[in-house]
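There are 2 protein chains.
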Amino acid sequence: MTRDIPDIAVSRLPLYLRALGHLESNGQQITSSKELAAILGSSAAQIRKDLSHFGEFGKQGTGYHVAHLNRQLRRILHADLVWDVVLVGAGHLGNALLHNQGMARRGYRIVAAFDHDPEKVGTRIGNVIIQNNQRMRDEIQQRGIRLAIIAVPPPSARRVAHQLVEAGVKAILNYSPIALSVPDDVMVQYTDPVTHLQHMTYYLQDR
Amino acid sequence: MTRDIPDIAVSRLPLYLRALGHLESNGQQITSSKELAAILGSSAAQIRKDLSHFGEFGKQGTGYHVAHLNRQLRRILHADLVWDVVLVGAGHLGNALLHNQGMARRGYRIVAAFDHDPEKVGTRIGNVIIQNNQRMRDEIQQRGIRLAIIAVPPPSARRVAHQLVEAGVKAILNYSPIALSVPDDVMVQYTDPVTHLQHMTYYLQDR
Chain W
2 MTRDIPDIAV SRLPLYLRAL GHLESNGQQI TSSKELAAIL GSSAAQIRKD LSHFGEFGKQ
62 GTGYHVAHLN RQLRRILHAD LVWDVVLVGA GHLGNALLHN QGMARRGYRI VAAFDHDPEK
122 VGTRIGNVII QNNQRMRDEI QQRGIRLAII AVPPPSARRV AHQLVEAGVK AILNYSPIAL
182 SVPDDVMVQY TDPVTHLQHM TYYLQDR
Chain U
2 MTRDIPDIAV SRLPLYLRAL GHLESNGQQI TSSKELAAIL GSSAAQIRKD LSHFGEFGKQ
62 GTGYHVAHLN RQLRRILHAD LVWDVVLVGA GHLGNALLHN QGMARRGYRI VAAFDHDPEK
122 VGTRIGNVII QNNQRMRDEI QQRGIRLAII AVPPPSARRV AHQLVEAGVK AILNYSPIAL
182 SVPDDVMVQY TDPVTHLQHM TYYLQDR
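Protein sequences, first through last, are from chains W and U.
Here the working numbering is used: the first residue of the first sequence is 2, the next is one more, and so on.
Here the working numbering is used: the first residue of the second sequence is 2, the next is one more, and so on.
For reference, chain W alone in the conformation it holds in the complex (with noise of 0.2 Å):
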């Protein structure tokens, strides 16, 4: 992995992303860093530094066109090219990703799912046809498949990682609260929202 550029700035690309993306949408051609910051709530040296370890994006007093900006960080986060993701866990949450169009349409498919319920294994959602798990090795071998999503119950989510690294995946996003051993080689994101809820709350008085 490339670790000269701090992993932070890495992490906040994709948020400047969807900033850009609503800009874009709005027809909005320019913007600044301290627009950027106003939506994200940032601050507008913190984007400027973040941006300056991939480039020139802007000019001083002119701002960033919005389009080649949006185009740039595509790049850079190789979110411009189509990625092939296998999930594993077909319950409820595993539904809903196989059902969210948005994923699909920014360049990550669902091109495999598995579960190890019988019953669930042979049915369809969405364009995926659920397999069973021991066919996840091959699957993601044949495939050449990096990325993978697991949406499977806590007390599965540390096997089936390691079935996942055993097969070749070098991305892990989980859906999990468990935290996951992986070699250096792999990256491990969690997502969950108890995590934001918990943030937001900080700001809650108790009544």
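It should be emphasised that the hints constitute simulated quantities derived from the structure, not laboratory data.
Here the structure is a predicted model, which is why all the values come from computation and not from measurement.
Backbone N, C-alpha and C define an ideal beta-carbon position, used for all residues, glycine too.
Any given hint could turn out to be false.
These stretches of chain W come out as covered by chain U in the derived footprint (C-beta under 8 Å, 3 or more residues) [claimed, not checked]:
1) 19-33
2) 78-88
One-sided excerpt, in silico: chain U residues whose CB lies under 7 Å from chain W [to be verified]:
3) V11
4) S12
5) H23
6) H79
7) V83
8) H93
9) N96
10) G103
11) M104
12) R107
13) Q132
14) A172
15) L174
16) H200
17) Y204
18) L205
Model the placement of chain U on the given structure of chain W, informed by the hints.
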């Protein structure tokens, strides 16, 4: 809102809480900023600095008591309380959230859910009966609910956010990839799998 402490420091407390929860469930009693940094991919200095905003939690050379720090951070985030949450949107994603056991267990319980689809209104999902969107305002005001989750399709997100704010909601977790405009005393957090996937594909080379 309290803005004396940087929001970026607040935003990391839930992550520290998650790491502490893992250590506690493994039976570990003492930890260090170095160990937490290794779990979270952060730096020990960052963790010590973040925590210093909120008090003195460890003694030089002896580290942190896991259970104590866990309890203190939960208290700071008001995550030691039980919070009522409303959900708007009972589609695939709303269904998954209503089945998410971890939320209620950690103090964030969805007590009311709304949808505009007559086929869904009146049905039970998990412990909640789906109500018509028109009931939203009364229900929020009668129960004094301040936390909401938006899980509606993108075209409806802004209208729903407006209704929630009008009804008195002060914090919104938004699953739709749509920027919401809210008054200064209302917080919005965004959650989107694509943001995480983009962060990770930065590190994956095209082949």
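Hints, verified against the model:
1. 19-33: Contact hint for the region 19-33 of chain W vs chain U: holds, 4 residues under 8 Å.
2. 78-88: holds (count 6)
3. V11: holds, 5 Å
4. S12: holds, 5 Å
5. H23: holds, 4 Å
6. H79: For H79(U), the interface hint holds, since the closest Cβ of chain W sits about 4 Å away, which is under 7 Å.
7. V83: violated, 11 Å
8. H93: It holds, given that the least Cβ distance between H93(U) and chain W is near 4 Å, below 7 Å.
9. N96: It holds, given that the least Cβ distance between N96(U) and chain W is near 6 Å, below 7 Å.
10. G103: G103(U) check passes; min Cβ-Cβ to chain W is 6 Å, inside 7 Å.
11. M104: holds, 6 Å
12. R107: OK, holds: R107(U) within 7 Å of chain W, min 5 Å.
13. Q132: violated, 20 Å
14. A172: Since the shortest Cβ distance to chain W is 4 Å, the answer is holds.
15. L174: At 5 Å from the nearest chain W Cβ, L174(U) passes the 7 Å test, so the hint holds.
16. H200: At 5 Å from the nearest chain W Cβ, H200(U) passes the 7 Å test, so the hint holds.
17. Y204: Holds - the Cβ of Y204(U) comes within 7 Å of chain W, reaching about 5 Å at its closest.
18. L205: holds, 6 Å
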